[in-house]
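Sequence order for the protein chains is A and B. According to our numbering, the stretch in the first sequence is residues 1 to 208, in order. According to our numbering, the stretch in the second sequence is residues 209 to 321, in order.
Honestly, I wouldn't trust all of these hints.
Under 7 Å between C-beta atoms, here's a sample of chain A residues computed to sit facing chain B [unchecked claim]:
#1 Ala-10
#2 Phe-11
#3 Val-12
#4 Val-21
#5 Asn-25
#6 Pro-26
#7 Leu-42
#8 Phe-45
#9 Val-71
#10 Val-101
#11 Gly-102
#12 Phe-153
#13 Val-190
Some, not all, of what chain B presents toward chain A, calculated at C-beta under 7 Å [unchecked claim]:
#14 Ile-216
#15 Ile-249
#16 Ile-252
#17 Gly-297
#18 Lys-320
Covered stretches of chain B, as calculated for chain A (at least 3 residues, CB under 8 Å) [to be verified]:
#19 221 to 227
#20 233 to 247
#21 265 to 271
#22 280 to 293
#23 299 to 306
Don't read these hints as lab results, they were simulated from the structure. The beta carbon of each residue, even a glycine, is placed where N, CA and C say it ideally should be.
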Amino acid sequence: MLLFLFYLFAFVIIIASISVVVNNNPVYSVFSLISTFIFSSLILFIIGAEYIAMTLIVVYVGAVMVLFLFVVTMLDIKVEVRKKSIFYSLPMILFFILTFVGIFSFDLWNSGYYFSKIYENNVEKQNNNLTNIQEIGSLLYTKYFLQFQMCGFILLIAMIGAIVLGLFRNKIVKRQSVYNQISRNPKETVTLMSVKSGEGVSNIGSKV
Amino acid sequence: MDNFFDFIFSNQVPLLEHYILLSVIIFSIGVSGMLIKSKSIINILMSIELMLLAVNINFIAFSIFLSHIQGQIFAIFILTVAAAEAAIGLSILVIHFKNKVNVDIESLTEMKG
Chain A
1 MLLFLFYLFA
11 FVIIIASISV
21 VVNNNPVYSV
31 FSLISTFIFS
41 SLILFIIGAE
51 YIAMTLIVVY
61 VGAVMVLFLF
71 VVTMLDIKVE
81 VRKKSIFYSL
91 PMILFFILTF
101 VGIFSFDLWN
111 SGYYFSKIYE
121 NNVEKQNNNL
131 TNIQEIGSLL
141 YTKYFLQFQM
151 CGFILLIAMI
161 GAIVLGLFRN
171 KIVKRQSVYN
181 QISRNPKETV
191 TLMSVKSGEG
201 VSNIGSKV
Chain B
209 MDNFFDFIFS
219 NQVPLLEHYI
229 LLSVIIFSIG
239 VSGMLIKSKS
249 IINILMSIEL
259 MLLAVNINFI
269 AFSIFLSHIQ
279 GQIFAIFILT
289 VAAAEAAIGL
299 SILVIHFKNK
309 VNVDIESLTE
319 MKG
């Protein structure tokens with residue numbers, strides 16, 4: 001039953017990730033990415049990594065994908081047809097997919113379940129029945145404590161960067177104001193002056 | 209039909225090879241999403257998230273099947289970095305396209321040589 005569930009969820013994941021790439025509507029594309037994450041979290045539940053699966057849903061779907069949705073609704077991305085078709089760079093894509101997937105498949109299915117033999121022989125299994133989060137916590141706060149603190153530091157720097165990019169608007173960054181550009185009145189911007197040949201225009205601000 | 213029900217309720221479990229192949233397929237879909245002439249940069253950012261998801265699945269599958277928990281710890285770090293990178297990438301996108309009005313990739317020609 002677990003293998004059948006794995007095949008079912010993997011099928012949905014592949015269809016959803018193709019829909020992320022191919023879909024014209026960016027909102028549908030973000031929704032397909034959300035369903036990709038949720039079904040991959042279910043696949044991780046099958047294998048026994050329940051803490052990582054819930055973290056994937058809470059952090060990735062609940063925060064990062066919501067951020068994507070905010071940006072997609074804020075920017076005016078129109079549902080248009082692409083200017084160049086999907087198959088424009090098909091040789092490059094086919095080359096990458098065939099080499100990458102081909103090498104992996106050839107290595108996996110022709111070497112007779114190589115990894116299964118590795119993990120049957122080489123395992124030091126401790127039957128102490130810890131849950132997933134207990135196992136992670138016993139190493140994360142003791143042996144990898146420095147890396148854990150650096151993760152917090154990375155998030156702090158990302159927060160500072162996002163706030164700085166969103167905050168300083170008026171004096172430092174030069175912006176275009178499309179409303180001012182469109183609402184120009186041609187009668188007020190161009191003046192017609194009569195100039196004698198050989199002379200320049202000395203008083204620019206006057207109107208003739 | 210009986211063979212199908214026998215397959216559903218049999219006691220087979222997924223092996224490591226299934227997870228590796230799934231991760232490879234998701235990664236290649238993400239790469240091809242980046243190589244396609246996409247309409248906007250948000251498609252590229254979503255393809256990056258797909259690639260990071262594929263690498264996460266790979267790390268976690270190896271960690272469970274080889275009984276080392278370090279794979280899942282590294283998957284937590286990858287999750288952190290992916291969230292930070294998505295936040296900064298999206299804020300750069302927002303502030304760049306507040307100036308311009310359209311989101312086309314074809315109109316990003318300021319750094320053209």
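Check: Any hints this thing doesn't respect? Which numbers, in order?
Finding: 2, 3, 5, 7, 8, 11, 12, 13, 15, 16, 17, 18
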